[in-house]
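Trainee: Same order as they appear, the protein sequences are chains C and F. Mapping of the first sequence onto my numbering: residues 3 to 498, in sequence order. Mapping of the second sequence onto my numbering: residues 7 to 89, in sequence order.
It is worth saying that the hints were derived from the structure and are not from the lab. Every residue gets a Cβ at the ideal spot worked out from N, C-alpha and C, and that includes glycine. Hints are not guaranteed to be accurate.
[Stated by the list, open to error] In silico SDA-like links for lysine to any residue, alpha-carbon gap of 25 Å or less:
id	chain 1	residue 1	chain 2	residue 2
1	F	18	C	490
2	F	41	C	481
3	C	221	C	335
[What the hints assert, rightly or not] Just a sample of chain C residues kept apart from chain F, beta carbon distances all over 12 Å, derived:
id	residue
4	45
5	51
6	63
7	81
8	87
9	97
10	181
11	184
12	197
13	199
14	316
15	323
16	348
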Amino acid sequence: MQQPVADAVTADGVIGTVTTEDEKRRKHRLWAKGLLGFFAFISVGTYIYNEYYIYLSVYLWFGLIYGMCLQYGKFCFSSAFRDLFAIRVPRMLVGIVIATLLFGAVSAPITASGLSTFHAAPVSEHAIIAGIFFGVGMVIAGGCASSSLYKTGEGNINALIVILSISVTQALFADVGGWANAFVPESWTQSAAEKGLPASITVTDGWVDQYLAGYVWNKPALTYAQILGLPNDSVAGAFVGNLFVGIMLPAGILLAVVYVVYWRKSFLNKRKKAGKPVSGIGTELAGYWSLIIANKRTAIAGLILGIACALHMLVIQGLRVKFGFKNAGVLLDRIGWDFGLSVQGTVFDPGYWYVTTQEAQWVGWVLQKMGIENLDNIYFGFVNGIPNPAINPADWMSLALIGGAAIMALYHNEFKFKKPTWETAMWSVIGGFFMGIGARLGLGCNVGAFFVRVANGDASGWLFGLGMAAGAYLGVKFFNWWTERKLAKEMASCGL
Amino acid sequence: MGMSFEKAGDGKYCLNVNGYVCPHPQIYTKKALEKLASGDVLELLFDNPSSGESIEQMIENDGNELLDKQNQSGQFIWRIQKS
Numbered sequence: 003m004q005q006p007v008a009d010a011v012t013a014d015g016v017i018g019t020v021t022t023e024d025e026k027r028r029k030h031r032l033w034a035k036g037l038l039g040f041f042a043f044i045s046v047g048t049y050i051y052n053e054y055y056i057y058l059s060v061y062l063w064f065g066l067i068y069g070m071c072l073q074y075g076k077f078c079f080s081s082a083f084r085d086l087f088a089i090r091v092p093r094m095l096v097g098i099v100i101a102t103l104l105f106g107a108v109s110a111p112i113t114a115s116g117l118s119t120f121h122a123a124p125v126s127e128h129a130i131i132a133g134i135f136f137g138v139g140m141v142i143a144g145g146c147a148s149s150s151l152y153k154t155g156e157g158n159i160n161a162l163i164v165i166l167s168i169s170v171t172q173a174l175f176a177d178v179g180g181w182a183n184a185f186v187p188e189s190w191t192q193s194a195a196e197k198g199l200p201a202s203i204t205v206t207d208g209w210v211d212q213y214l215a216g217y218v219w220n221k222p223a224l225t226y227a228q229i230l231g232l233p234n235d236s237v238a239g240a241f242v243g244n245l246f247v248g249i250m251l252p253a254g255i256l257l258a259v260v261y262v263v264y265w266r267k268s269f270l271n272k273r274k275k276a277g278k279p280v281s282g283i284g285t286e287l288a289g290y291w292s293l294i295i296a297n298k299r300t301a302i303a304g305l306i307l308g309i310a311c312a313l314h315m316l317v318i319q320g321l322r323v324k325f326g327f328k329n330a331g332v333l334l335d336r337i338g339w340d341f342g343l344s345v346q347g348t349v350f351d352p353g354y355w356y357v358t359t360q361e362a363q364w365v366g367w368v369l370q371k372m373g374i375e376n377l378d379n380i381y382f383g384f385v386n387g388i389p390n391p392a393i394n395p396a397d398w399m400s401l402a403l404i405g406g407a408a409i410m411a412l413y414h415n416e417f418k419f420k421k422p423t424w425e426t427a428m429w430s431v432i433g434g435f436f437m438g439i440g441a442r443l444g445l446g447c448n449v450g451a452f453f454v455r456v457a458n459g460d461a462s463g464w465l466f467g468l469g470m471a472a473g474a475y476l477g478v479k480f481f482n483w484w485t486e487r488k489l490a491k492e493m494a495s496c497g498l
Numbered sequence: 007m008g009m010s011f012e013k014a015g016d017g018k019y020c021l022n023v024n025g026y027v028c029p030h031p032q033i034y035t036k037k038a039l040e041k042l043a044s045g046d047v048l049e050l051l052f053d054n055p056s057s058g059e060s061i062e063q064m065i066e067n068d069g070n071e072l073l074d075k076q077n078q079s080g081q082f083i084w085r086i087q088k089s
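Chain C with its partners taken away, still in its complex shape:
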């Protein structure tokens, strides 16, 4: 029962009653506007201070858009596989396929024109294994790496614990050496030592270092265009190889399988009840279309997300040309923030949406400040650096993503602080741990290793996705057992 707190005049001039619920809604919307104003203030203020900050602001505003889209569509890669296996609901998988197709379609001309910031990753079975770790983790945690960010914006403290767990696990895993060296094959050590890395990188001391330099880097980095023998930055390569063969064909097959296995039966039942025909090609096409538009919010979010991801790459590349650098390490150096740059003078600057590396970086930065050396490994010291989180471009993106999700949640009255219980906190820590391991093995998460790669025709993207699906299946099996056990106890007391 809502409690009236005051009389008010509506827009129509009618005297009505303001309830506590209306009052909460009004306050939430005020907070949403305040947050938006805060991000605008940061952008304008830093730009006035130094025009280079516009580069960081681009990350910030695209992060904000990602956060708003994710929250609006409840967009979660974990949900895509988990809900399909657990409750036979395909809405999220469809949303992700739409987003990937759109991202790929807008990326293709950018790739063809040579303006893409994307680089393909090494292709091998490691992507599947990494995906399995990640898939198990995202089901146990209750969300993938990107959805944990947007759920944090909804006030979900469990999601914040997941982020902390992913961050700490990655930073520690990237630097673990000593006893862990015993688990490194001799061939990896030898191959890593032959790479001729700078002396500051202790490449033969560290499991991940030897995995990267001694194994992963030896694998070919291929797009579908290159597999077909076409140049990646050509019209034929980008559109036929990457977009058609790499995305449209597998996505179409995937949706067809989902339609037949998870959707067709209930669709035909509904048509039968409504007295409509239940056979023929027209019926099947109508069923396929109903699968696509089943959840409009998810489909709309996927559509905007896909376009924004591709535009993000284009805008970042434009700014790189304008300022005359290829990596934000140069920019940070120019504005006087040179702490934590890699030995090559670089920092993590993907040029597109990414989630997990910036999470590892802030922990790496904290550990470095505490006197624990983190710049002697490949991940931080040779490639990504550990810049101050306050000036890390990718961190601006992630923080704005949380902010964008908070704005959308506040606007739709879905913001609520949710304290964890011991049980949910435990799942968050364990799930985050598995996702952290999977992200480092796969050189990315559900966004960097799957979504972005698939959309740009990288052959390793679907492999990581295959692993994620397998991992999600295992996670669902576990939770089915866990929930069955708990619910049976509760229902027994009701005589059920």
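Following the hints, position chain F against chain C.
Mentor: Just chain F now, with coordinates in the frame of chain C:
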């Protein structure tokens, strides 16, 4: 607070999964509905918005009926009738 399932009256049950994130609310809801008799009503309390999107489609696909849904500042109260 953990999950709770209680009888609220004749043919009426209450499943409280407040505090839980995905996939717990949707899995508990699915399992609870599977064990109810046709015509029984389940009152579902949850506060994880993304679970709602999946639960709504699950209810529709399974042919059950969503009688009523309320959102009180992120506290969702739904009433579902088993077909």
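Trainee: Any hints this thing doesn't respect? Which numbers, in order?
Mentor: Failing hints, ascending: 3, 7, 8 and 9.
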